[in-house]
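Participant: Fit chains B and C to the supplied structure of chain Y, relying on the hints for placement.
Residue numbers (my numbering), protein chains in the order written: chain Y, 1 to 368; chain B, 1 to 244; chain C, 1 to 300.
A few of these clues could be false.
In silico lysine-lysine, DSS-like type, Cα no more than 27 Å apart, as pairs [to be verified]:
# : chain 1 : residue 1 : chain 2 : residue 2
1 : B       : Lys186    : C       : Lys229
2 : B       : Lys31     : C       : Lys71
3 : B       : Lys238    : C       : Lys175
4 : Y       : Lys213    : C       : Lys71
In case anyone wonders, no lab produced these hints; they're calculated from the structure.
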Amino acid sequence: MKRFIGFIQKEFYHILRDRRSLFILFGMPIAQVLLFGFAITNEINNVDIAILDHSKDATTKEIIAKIAASEYFSIKQIIPNEAAIEPAFKKGHIKAVLNFEKDFSKKLITENKATLQILTDATDPNTANTISNYTSSILKNYQQDLNKAAQTSYKIEPKVRLAFNPELKSVFMFVPGVMTVILMLVSAMMTSISITREKELGTMEILLVSPLKPFQVIIGKVVPYILLAVVNAVVIILLSLFVFKMPVEGSLFLLGAESILFIINALSLGILISTLARTQQTAMMVSLMGLMLPVILLSGFIFPISSMPLPLQIISNIIPAKWFIIIIKGIMLKGVGLDFIWKETLILIGMTLFFIAISIKKYKIRLE
Amino acid sequence: MNTKNAIQVENLTKTFGAFTAVNNISFHVGKGEVFGFLGANGAGKTTAMKMLIGILKPSSGNALVANFDIATQADSVKKSIGYMSQRFSLYNDLTIKENITFFGGIYGLNKADIKTKTHALIDDLGLHDEANKLVGALPLGWKQKVAFSVSLLHDPQIIFLDEPTGGVDPITRRQFWEMIYREADKGKTIFVTTHYMDEAEYCNRVSIMVEGKIEALDTPKNLKTTYNADSMDQVFLKLARNLA
Amino acid sequence: MSIIVKNISKSYKQVKALDNISLEVPSGELFGLIGPDGAGKTTLFRILTTLLLPNEGTASVTGYDIVKDYKSIRNTVGYMPGRFSLYQDLTVEENLRFFATIFGTTIEENYDLIRDIYVQIEPFKNRRAGRLSGGMKQKLALSCALIHKPKVLFLDEPTTGVDPVSRKEFWEMLKRLQEQQITIFVSTPYMDEAALCDNIALITNGKILRIDTPEGIKASFPHKIYKVKSTKTFKLIQDLGAYEQTHSAYPFGEYIHFTPNTTAFRTQDLTHFLKENHHTNIEVFETGPTIEDTFMELSD
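Chain Y on its own, in the form it takes in the complex:
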């Protein structure tokens, strides 16, 4: 045990003396959360839109009034006919056109169905997507109000997507993603680099030719990074609680436990990388390309999985981050308990055990 503690102490010396990495380790989570929270936002504000109203009846007027009242849109133009839509876009002032069909009110009452076409400027697909989401949600709200007023109470609309983020704050969607990326980076990349560094320096040779057992070397490498990753997770959660006033609906204990599970998962991936890579450079490339990119692109962090092509949707299933994001979104935003996320948790546990098993199998007690 004394040997083991001596080893961990040494690891902390390495970490604490490498000022630059230390700065990145603790500066990065803060920078990323702030960046995603403030700068790269999916929120829209006073977007200029135009209206093409073929009915001009009470309902459309009400809807238009509602949209005009919202802080998201400002109505710049009333367009007389279809032919005027394209010129309006080309001028570049407006980002969307709401096209109400003829006899909107009548259709809504008689057929229970009326169509509102939302034309968006897809040269900026992100904004376009957001605009259409926002308008649809305003419409849905209006529809709900309409239902409440006109119909009897047995007709209940299902809760819409916005219910979990009623203020439409995108930072709430990003925090789980950022946390996943950071934990993956700290745990997998830093451990794989720190193990391959010993290989590169030649100190691994001395450690192997010592009474220290190989698994002690590995666990000794991993322990400091578990601590670092936990500190990072706490920092991110505190930032989101106090800077962005983001609520954690579910149990903090469960959130902590799931985070540690994910950290261990990432660490086992880091160890796996280090058993395969010979140099720090390879370890870093593999971590960045093999882990970070999928985490960012395929986990549902930035791009919704449901809108990916089928092959990518299938691939996304083998990415641990996908399951972790589902879990923490569930805990943080929906306030669900283990009974709702046991399946995802089991998948993560399974993956972790699998990675550890391969790492142990691949770990060499000799040099080749």
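Facilitator: Coordinates of chains B and C only, in the frame set by chain Y:
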């Protein structure tokens, strides 16, 4: 300052903060001379050499290499010298031919020249079977011989060799020195550092650096007489130990 | 016997790094493995320190088999790999303490063994290892390899790239360590260091050329050997290469070591030949062989 010498160094000094790595050294190396530049680890050899090949600016003093000022005409210095070091000489992941083409290219040789020189070099070293093999697969001694030949591609007047024979087997080491003698015989100037004291005796003159200064400079024979020693090894030990 | 190697062979893909190597090292001996880079020295070290498995053959260290009992060997030997392998970002003392701890001992417990070496670097014990000079790094590495009082010490090229002064000091330290009953197995590419070992094995291209005492190695040189000198060294080498009685001619310092291919050789014949070739200040006299002469003769 104008000189007939290949290298002319006057009061050359380099400081890093409070530390003086090279302390006011002066010497010259004649044309066609094989000059040994010796010193213990950390004596300032590498720093001095870096200044002479134009990649490090001196703090004070000046030096002419091939009649170019190392401080103000570093580019011209680089064009007129060849450099080879033990740490880096050739790209291991390129073949011998590719290395020659690359280094010929960066010294501005044209295609036809590179082609003839490549043939000549491969003939000279008898490497026909290995010409298209990766350099990394060659034994160290061969690699160093190729590296030396490559450093001669652009026909430099002065060749700087930084521990060129470390770890090389004794026979190849001697073949290497025969190559050095051959170049010196053609009138090229050789400036070489080594940790093998017997190699120091191959040089026309050697200087021994101790703590940033040149403590001794003479022919090996005279040094042995002066320090009453029967080998350069003893001369070196006496000098470095008395002052350490 | 402290180290027994029997018919060890090891290949990496097509390259045969070690080819049927056998040797024995008695307890308490200072044994030198002498050969150039790429001879297979490091491979043999790694096999003996249980870091590599041989393809063929067996070996034991202090009675333990290198394959079966690798754990016991790792507890009893000290190992200093070829490159400087300590933590550059840890101080001198932290490095030493770390290696003491992982071997389950303390600096204080075995201080006697390293005192001689460690006192020289103790003034710098709070300096980061990365900022030590070459000679000091090497002393620290040796201290770390010794701190657990190993029975056998494996030193792979400890003096490569180190200046002659530090090299000499290092060998003096090894001689003193030997008095503590530690078997020392050391490799070097510097032939002049071979003279300080009890026994040496000359190795090249994965094969052992000869194992003997340094004196025995020199005595085994089969020819007479002459020192030759003239004012024009390069021409001298070329002319000797063309001389009909030449067996070999290699530069050694300011002289050429010349060996004749016939016992009937007379120095005046050579002097005459050189005069005919316009050499001046000619010197030719008989000398004794060095280990390097034998190495070249055997590897030729």
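Participant: Given the proposed pairing of lysine 238 (chain B) with lysine 175 (chain C), does the C-alpha separation stay at or below 27 Å?
Facilitator: holds (21 Å)
Participant: With a cut-off of 27 Å on the C-alpha distance, tell me whether lysine 186 (chain B) and lysine 229 (chain C) pass.
Facilitator: holds (20 Å)
Participant: Is lysine 31 (chain B) within 27 Å of lysine 71 (chain C), Cα to Cα?
Facilitator: violated (61 Å)
Participant: Straight-line Cα separation of lysine 213 (chain Y) and lysine 71 (chain C) no greater than 27 Å?
Facilitator: Satisfied, since the Cα-Cα distance of roughly 9 Å is no more than 27 Å.
Checked against the numbered hints listed earlier, the structure breaks hint 2 alone; every other hint is satisfied.
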